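Q: Build the full structure now, drawing on both the sequences and the hints.
2 protein chains.
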Amino acid sequence: MNLHSIARYLPILDWGRRYDRSSFGGDIVAALIVTIMLIPQSLAYALLAGLPPEAGIYASIAPILLYAVFGTSRALAVGPVAVVSLMTAAAVGNIAASGTAGYAAAAVTLALMSGAILLALGLFRLGFVANFLSHPVIAGFITASGILIAASQLRHLLGIQGEGNTLIEIVSALWPHLGEINPVTLCLGLSAMVFLFWVRKGLKPLLWRIGLGPRMADLVAKTGPVLAIVATTLVTWGLDLGAQGVAIVGEVPQSLPPLTLPSLRPELVRELALPALLISIIGFVESISVAQTLAAKKRQRIDPDQELIGLGAANIGAALTGGFPVTGGFSRSVVNYDAGAETPAAGAFTAVGLALAAVFLTPLIHYLPKATLAATIIVAVLSLVDFSILRRAWAFSRADFAAVSVTILLTLVMGVEVGVTAGVVTSVLVHLYKTSRPHIAVVGRMPGSEHYRNVLRHDVETQPQVLSLRVDESLYFPNARFLEDQLMRHAAEKPGLRDVVLMFAAVNDIDLSALESLEAINTRLRDAGVRLHLSEVKGPVMDRLKRSHFLDEMTGEVFLSQHAAICALSARETAA
Amino acid sequence: MNLHSIARYLPILDWGRRYDRSSFGGDIVAALIVTIMLIPQSLAYALLAGLPPEAGIYASIAPILLYAVFGTSRALAVGPVAVVSLMTAAAVGNIAASGTAGYAAAAVTLALMSGAILLALGLFRLGFVANFLSHPVIAGFITASGILIAASQLRHLLGIQGEGNTLIEIVSALWPHLGEINPVTLCLGLSAMVFLFWVRKGLKPLLWRIGLGPRMADLVAKTGPVLAIVATTLVTWGLDLGAQGVAIVGEVPQSLPPLTLPSLRPELVRELALPALLISIIGFVESISVAQTLAAKKRQRIDPDQELIGLGAANIGAALTGGFPVTGGFSRSVVNYDAGAETPAAGAFTAVGLALAAVFLTPLIHYLPKATLAATIIVAVLSLVDFSILRRAWAFSRADFAAVSVTILLTLVMGVEVGVTAGVVTSVLVHLYKTSRPHIAVVGRMPGSEHYRNVLRHDVETQPQVLSLRVDESLYFPNARFLEDQLMRHAAEKPGLRDVVLMFAAVNDIDLSALESLEAINTRLRDAGVRLHLSEVKGPVMDRLKRSHFLDEMTGEVFLSQHAAICALSARETAA
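Residue numbers (the UniProt record's numbering), protein chains in the order written: chain A, 1 to 576; chain B, 1 to 576.
Bear in mind the hints are in silico, worked out from the structure with no lab data behind them. Take the hints with a grain of salt, since some may be wrong.
Said to hold, decoys possible - Using C-beta positions, here's what the derived DEER-type ranges look like: (1) A:Gly16 <-> B:Asp485: 23 to 31 Å; (2) A:Ala120 <-> B:Asp485: 18 to 26 Å; (3) A:Leu456 <-> B:Asp386: 42 to 50 Å; (4) B:Arg524 <-> A:Phe124: 25 to 33 Å; (5) A:Val194 <-> B:His490: 50 to 58 Å; (6) A:Arg125 <-> B:His490: 16 to 24 Å; (7) A:Gly529 <-> B:Gly25: 34 to 42 Å; (8) A:Leu274 <-> B:Val269: 21 to 29 Å; (9) A:Tyr19 <-> B:Arg398: 24 to 32 Å; (10) B:Asp485 <-> A:Val194: 40 to 48 Å.
Everything numeric in this text was worked out from a predicted model, so none of it was measured. C-beta atoms are modelled at their ideal positions from N, C-alpha and C, and glycine is treated no differently.
A: Right under this line is the structure:
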């Protein structure tokens with residue numbers, strides 16, 4: 001293996017060799033800002049995943065370092081994100097109760113499996129599987145997940161019990177406890193939420209007015225969650241609100257990330273296999289779209305297969321250091337980018353900052369109310385909720401609308417795993433259904449041209465003894481019989497028929513079932529004294545047909561173009 | 001509802017009104033021959049399904065009658081068939097042990113569910129779902145099933161224990177018992193088998209030589225199984241071979257089919273749901289191909305959706321009269337056809353004959369050795385085994401070969417349900433994979449014509465400032481990003497580029513994900529000072545694009561043909 005091929009798998013060798021003092025300066029400033037930003041986010045997503053708060057910080061250290069070595073994005077920040085944390089809670093919640101040792105153990109196994117899947121997809125260059133998650137399905141899934149996440153945090157905001165993986169479970173779990181709402185918790189949480197919404201909408205214009213530049217205003221506004229945490233922690237500590245029933249984070253171990261060895265018990269692996277696959281693919285799709293959006297701004301290139309390797313390494317790192325599944329997150333990456341991160345080294349500095357925080361700052365969050373973290377999560381995820389995809393899909397095509405609405409509905413009522421799977425399956429089934437009943441048009445010549453179009457849409461010239469059919473689909477098993485039926489029906493409507501020309505301009509592939517149908521068509525037409533011709537057969541299809549005996553048995557010819565076919569057949573008719 | 005629409009669901013009203021004495025003569029002769037033929041076949045397939053022999057006869061009476069009322073084929077004979085019986089054994093064997101009351105009860109439930117599914121598919125005109133079983137997958141499945149069936153009957157032939165649903169299970173179940181082979185059973189079974197093979201290959205030429213007409217010789221040859229049964233039963237009775245350990249059919253109740261009420265316990269229904277669906281579809285595909293083959297010979301028409309209703313009714317009939325899942329069988333239908341059946345009334349007469357046999361003939365089969373039935377089955381199914389599909393698929397396309405070999409392999413080692421499901425899933429995945437990486441060709445003008453073809457395959461004319469790309473696939477979510485990457489790569493290779501023309505002749509559909517990709521392409525090209533045009537956009541795709549804002553935002557135009565695009569763009573270039 002020469003240096004070039006090593007470098008392919010280690011992008012750090014590329015940017016590392018050209019690292020200079022100016023990059024260092026940018027990176028260290030970005031790291032400082034991002035470290036402050038990441039602390040509340042990490043704590044909150046650990047809560048969402050059902051894990052102790054320190055797990056969120058642990059899950060941000062090793063993954064960031066490993067992604068810095070293997071990833072291709074300059075600005076991507078890897079760590080816990082909302083949707084993946086929710087999916088982790090759903091998957092691990094099926095195996096153990098939140099707060100038990102079994103729960104945390106299952107979470108590291110899930111991270112390891114997810115890392116292994118990502119790594120395998122990357123090494124075998126299978127990144128294209130992510131394309132099967134269509135844009136509408138992803139949009140629908142994110143919207144529905146946002147609602148689920150917000151609903152799942154209501155219990156922390158209200159200070160009551162009520163867990164669940166679907167909207168129905170959550171609502172019916174909250175319902176009987178509504179009488180037990182803790183007013184102090186609710187006050188704290190609502191204040192934090194109102195403050196955070198105001199920071200998003202009102203703070204930035206205010207900062208501009210007092211003379212801050214737009215970039216600085218942006219960054220200050222992003223420290224909102226930190227301010228909310230500091231303020232509510234101080235209030236809770238000062239007024240001893242813990243004694244009044246406000247749930248607080250409590251004792252957090254003061255240590256570097258521990259070394260964890262994920263269990264690979266066969267039944268655990270079996271139960272987590274599907275969730276791990278879904279988390280990997282969803283996480284990859286989220287991460288790559290963030291990475292590509294940021295890279296496009298600086299005209300940098302993202303290699304999807306190398307990204308899989310980077311994310312795989314990050315997740316394996318999370319698994320070995322007491323974390324849970326991670327991916328490249330939108331909000332943390334944008335902060336990183338806006339703060340001026342030049343290279344992945346910014347991530348490495350952030351990791352150092354977080355490690356220091358894990359050792360020195362954890363005692364300070366003892367009095368942090370869980371309601372504040374819930375408020376942080378709710379405000380963050382509600383910005384993901386966007387139903388406009390339903391309207392856009394409806395306007396464009398019923399097929400896309402079906403996929404989006406199935407995804408949203410099933411995610412809400414049956415949970416994240418069923419929802420995203422159903423979305424993909426619906427998209428594929430709708431596609432198969434459509435291709436199983438292809439559009440088949442009778443075509444004629446556009447007067448004065450050599451171009452042939454649908455007789456129903458254009459005023460074209462046709463011949464009584466020639467039937468020209470354009471098949472608007474590749475021919476394969478679901479539509480093989482359909483073509484046969486349609487062609488014979490059209491042929492039966494033309495009594496003086498001598499020749500059928502199948503215009504293959506839109507036939508991109510042909511399989512054995514379709515070949516058998518073509519053979520049947522040829523035989524049936526021959527028995528009726530009609531010849532079968534093909535025109536505009538594309539190279540790859542022609543190559544395929546030559547591998548069978550069909551072209552020898554076909555009663556007619558293959559013409560280069562539809563026009564050549566019509567000219568030749570008309571000339572013969574005149575001669576006869 | 002007028003008579004016409006009733007007649008649509010009751011084909012009997014059509015042929016029944018024109019029924020005359022000549023048809024009656026043909027039908028009654030056919031019925032007599034088919035009745036004799038069906039007795040051994042029904043007994044044998046009941047054995048294969050793990051049910052008592054009389055169940056095979058019961059499963060042939062009500063279904064035949066009901067199909068005669070609702071079916072559209074004139075010659076199809078409905079009853080137990082080999083593959084469906086094997087699938088029944090696999091499905092019911094998971095629920096109860098063969099020979100128990102629970103086993104027979106599960107079999108009638110399976111028939112009822114299968115009937116309900118067929119009926120529903122027919123009433124909602126969903127017969128096209130059967131098209132998703134491609135020809136190669138069916139051929140592979142039938143071949144593998146034939147091997148499984150033959151293997152499953154070895155134990156009866158050898159007189160030992162050894163059941164199983166897969167080749168591995170069967171072989172490892174037989175292995176420890178190989179020392180216990182019953183030599184008398186083996187002798188009887190082998191003799192029957194050799195005799196039956198000789199009847200197939202050697203008897204017909206012999207009959208011709210002694211002066212029988214070919215049709216008569218054919219029919220006599222088909223009574224082979226009956227002769228084998230009569231001879232081995234007489235030998236077993238005369239020499240009292242039952243006392244020497246030859247397994248015999250034993251006591252068979254002398255009665256008309258009983259009335260059975262299938263259980264619909266939720267857990268039973270849940271366990272049988274997938275098998276019932278697979279049996280319905282496999283049974284339908286087998287039946288419809290037999291029906292269509294026979295109908296084509298007499299230029300009659302088969303209505304697939306009405307066939308579903310006919311088979312649904314037949315299965316519900318089997319469920320209510322102590323039977324098990326049935327479908328139109330190849331061998332019995334061919335006998336019926338060859339024997340001169342003119343209308344479905346032949347089936348009704350056969351049902352009467354079988355009812356008489358159930359009442360009067362069952363005592364005669366007390367001494368029938370099971371080894372003879374096993375021999376009948378083995379000889380019948382080995383004719384289904386045909387590996388040539390592997391060779392044909394390999395020669396034609398690797399995709400078809402993958403589907404066939406997965407089907408054969410998984411059917412043999414994991415059983416019928418996994419095998420056929422894997423075959424369908426493989427076909428679909430291969431299709432999706434291929435369409436996710438479409439062929440995209442740079443095209444140029446064929447000199448002296450208005451026709452545009454691939455620059456790599458043809459000697460064509462191109463312009464330096466125009467890039468013409470032909471996209472050989474409908475644009476949808478799996479290939480949306482691929483198009484974007486390929487187009488930008490081709491564009492980057494042409495420095496003087498001013499215009500990109502996407503030739504949409506092969507784009508048959510477009511979804512929201514692809515639209516978003518086109519918008520991204522348009523934006524990226526615009527930023528680079530290049531205009532995007534489309535040509536040869538088909539009607540349905542144009543309609544779809546008009547439902548979005550894309551055409552307003554596109555920097556270029558939509559041209560009717562590629563030639564029109566090149567002419568217009570070249571003229572502008574010259575003017576500039």
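Q: Hints first: check each against the structure and report whether it holds.
A: Status of the hints after comparison with the structure:
| no. | hint | in the structure |
| --- | --- | --- |
| 1 | A:Gly16 <-> B:Asp485: 23 to 31 Å | holds, 27 Å |
| 2 | A:Ala120 <-> B:Asp485: 18 to 26 Å | holds, 23 Å |
| 3 | A:Leu456 <-> B:Asp386: 42 to 50 Å | holds, 44 Å |
| 4 | B:Arg524 <-> A:Phe124: 25 to 33 Å | holds, 29 Å |
| 5 | A:Val194 <-> B:His490: 50 to 58 Å | holds, 53 Å |
| 6 | A:Arg125 <-> B:His490: 16 to 24 Å | holds, 21 Å |
| 7 | A:Gly529 <-> B:Gly25: 34 to 42 Å | holds, 35 Å |
| 8 | A:Leu274 <-> B:Val269: 21 to 29 Å | holds, 25 Å |
| 9 | A:Tyr19 <-> B:Arg398: 24 to 32 Å | violated, 47 Å |
| 10 | B:Asp485 <-> A:Val194: 40 to 48 Å | holds, 45 Å |
Of the numbered hints listed earlier, the single one contradicted by the structure is hint 9.
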